[in-house]
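There are 2 protein chains.
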Amino acid sequence: MAKSGSSKKTSASKAAPKSSARSPLAPARFPTLGQVAGVRLAGRAVGLKKAKGVKDLMVAEFAPGTTVAGVLTRSKCPSAPVDWCRAILPRGKARVLVVNSGNANAFTGNAGDLQVAQTAGEAAHLFGCRAQDVYIASTGVIGEPRAPDYIASKIGGMKKTLTVKSWKDAAEAIMTTDTFPKAASRKVKIGKADITLTGFAKGSGMIAPDMATMLGFVFTDAKIPAPVLQRLVRTAADDSFNAITVDSDTSTSDTVLLFATGQAKGQPRITSAADKALVDFKAALKDIFIDLAQQIVRDGEGAQKFVTINVTGAESKRAARTVGLAIANSPLVKTAIAGEDPNWGRVVMAVGKAGEKADRDKLSIGFGETQITRNGQLVHGYDEAPVAAYMKGDEITIDVDLGVGRGRGTVWTCDLTHGYITINADYRS
Amino acid sequence: MAKSGSSKKTSASKAAPKSSARSPLAPARFPTLGQVAGVRLAGRAVGLKKAKGVKDLMVAEFAPGTTVAGVLTRSKCPSAPVDWCRAILPRGKARVLVVNSGNANAFTGNAGDLQVAQTAGEAAHLFGCRAQDVYIASTGVIGEPRAPDYIASKIGGMKKTLTVKSWKDAAEAIMTTDTFPKAASRKVKIGKADITLTGFAKGSGMIAPDMATMLGFVFTDAKIPAPVLQRLVRTAADDSFNAITVDSDTSTSDTVLLFATGQAKGQPRITSAADKALVDFKAALKDIFIDLAQQIVRDGEGAQKFVTINVTGAESKRAARTVGLAIANSPLVKTAIAGEDPNWGRVVMAVGKAGEKADRDKLSIGFGETQITRNGQLVHGYDEAPVAAYMKGDEITIDVDLGVGRGRGTVWTCDLTHGYITINADYRS
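Protein sequence lines, in the order shown, are assigned to chains S and C. Counting in the working numbering, the first sequence runs from -8 upward without gaps. Counting in the working numbering, the second sequence runs from -8 upward without gaps.
Bound-form chain S, shown alone (with noise of 0.2 Å):
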């Protein structure tokens, strides 16, 4: 599998974090990306953004035939967008992607819906489609409503000038507190047909609700039908993007969708996600949301060290991630780190709130190459000088085996720093 759009960082400046600086831990440069067949787009700015001339809207157009899979926030106060993304999914099909940033859409009531409908109803119009082939996301401020034709009114401009190699200007139309465009492309074979994936995320607090909500849009020219796509999508979302965290809250309006425009030739049909021509492209697939997950952690909020939780041990899957969550969502795990302390007394701390089963006495503990403790004590002789250097380095990991069974999965987080309070306390007063 061929990969495109690594994450190489530059080398990180410890200088405290502006919210407006790029943030130390991302990637050298914008990576190099695959075109997809049947997929044309723009990004502009449109006014939505208060700051003059700063890229807002993004409209995508695909192929007659592109199916759709996704995966929606699970608030309980979702924005409109979200509500309209969740009606149309069942039905699979997909021709139209229209996101906003600088305004949510969301908690705007009945005005909020109206909005979705008439951007739906007009981009329909325009590009010869229903409605409910019309995929709607929005970022931004939560409740302030606009008024309701304003993206809308924007969509014919938009469209004169689609086309296929815009995906920087849509990765920017995207961004809200983010200090750089996120995407990535990979390469793979399905049978002996060459397919591309491209995508392109956004997101740094996870989420910040006036500005930052998780987004993330992936795009190939396989063809498969949605049902196996939407299959493929929750497998891949469970690794990746439901493996992040940068402070454990919650947006409105996280959405993540996958368009398949089936353009690619010589593809063998697929009607099955068990499929054994499917296999490369589920790695790619997963490699390709784990990457731009990645990015977003690298973006997070005052981040200054990338952080990688391994739980093994675990009675299950699912409470590996329960444990990982809990080390990776702890204000005290996260300051330690910010300071450079390999404090493992507060990751003990985390596994015991988590809730799942774990065995005091069997507890081991690493972080990076040295192992801290092992069944539930100190490792004989630890030192803890090389482990102090270790944690000056900014990408951490930390494993942590639980002694109850197999269960086994990692998370991934940045560091709480001065600049996160920075960003949050200090961003509307």
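Think of the hints as simulated: they come from the structure by calculation, not from any bench. Each hint should be verified, as a subset may be incorrect.
Just so you know, same-sequence chains aren't split out, so a pair can sit in one copy or run between any two.
[What the hints assert, rightly or not] Result set (BS3-like, lysine-lysine): computed pairs, CA atoms no more than 27 Å apart in a straight line:
1. K353 with K67
2. K67 with K308
3. K41 with K159
4. K383 with K214
5. K383 with K151
6. K348 with K267
Keep in mind it's a predicted model, so treat the numbers as computed, not measured.
Put chain C on the given structure of chain S with help from the hints.
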């Protein structure tokens, strides 16, 4: 019900907190406490803390016949003293309480159990009781075993210094990152008998397992059988110690114990938690628990504002608590409060992520006296200016009505500031 030990705050300084400075939300002075017949206690420095001469061990002796009840951490990795208390609590009898700071005796394997056994055994020998009548709690650094007889060897010296009024010494001896000792007292009647309740607590980060477990000990001269006492404690703790949060983390060592010496004169016999003679006592118990719990929040690491979150209209009391804690634990809500920003959108987000039933189109939110949203939309003509002014105070109340039922609950927390990051990122390094 007479009150002493009220929590009047000093005029709050807005200066950035130092980890050693007294919390700006602390009560003006240590309260006057009522003595409890049948309780003698002492607090001294015995060398468990590194700082010389700082109190780190407390011992209390109870009259024969004293009953006990308690609630303990739900952590799956509890400390050795928590395991010990859980094992002996069903007996319901207590003669001695030994609490140390400076070392948590958590994640210490068999050595930790041995230390508990030696402490209980020595106290039983010195005070002429059974080892199972000796309650033990520890707070401080995790994972660093002490010589198993160290605390045991100090109890004899402590025994000589017990008095009926050493409450402040005892309260100070259990402090870790706390910036002030926490205590409260109430007087109440059971029948015609005068009853005293006096207690003390510790905790600030909730919790920093290096330092800041939550411990609470309350003592009364009432005569109440252990099974009844257990019901009273569980109910009162649910609306107090279980309704506060600083940073969502859970200690390996959280312990709340209530001791009843039965030394009050002329008290009617109690056999049931439903006895009408207990009505005032139950109210006083809940009140003293809330007072101590709120003092812990007022000492939250880096706290600059004390926050009350009232949730109404929930499907159940439990659902209201869950939503309240989701709001109270949201880093985005907490940083907005630190930034004096009436960011009600983040409250919507937190309600959504709590996972409890909520009606987006009936959701009502108020900050202080100002109703901000009603029925899922901004109140017509909402003016942010008075709310922004309100946010500059150091006591913030947020009211949320979910619009689906009659369940209600209150949760207390503090804001999330640069002070929290400084204390927790910079502590060990």
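For each hint, the structure was consulted:
1. K353 with K67: between (38 Å within a copy, 12 Å between copies)
2. K67 with K308: Intra 25 Å, inter 18 Å, cutoff 27 Å: intra and inter.
3. K41 with K159: Answer is within; shortest intra-copy Cα gap is 21 Å, inter-copy 57 Å.
4. K383 with K214: Neither. Shortest intra-copy (47 Å) and inter-copy (57 Å) distances fail the 27 Å Cα cut-off.
5. K383 with K151: Neither, since 50 Å and 50 Å both go past 27 Å.
6. K348 with K267: Answer is neither; intra-copy 36 Å and inter-copy 42 Å both fail.
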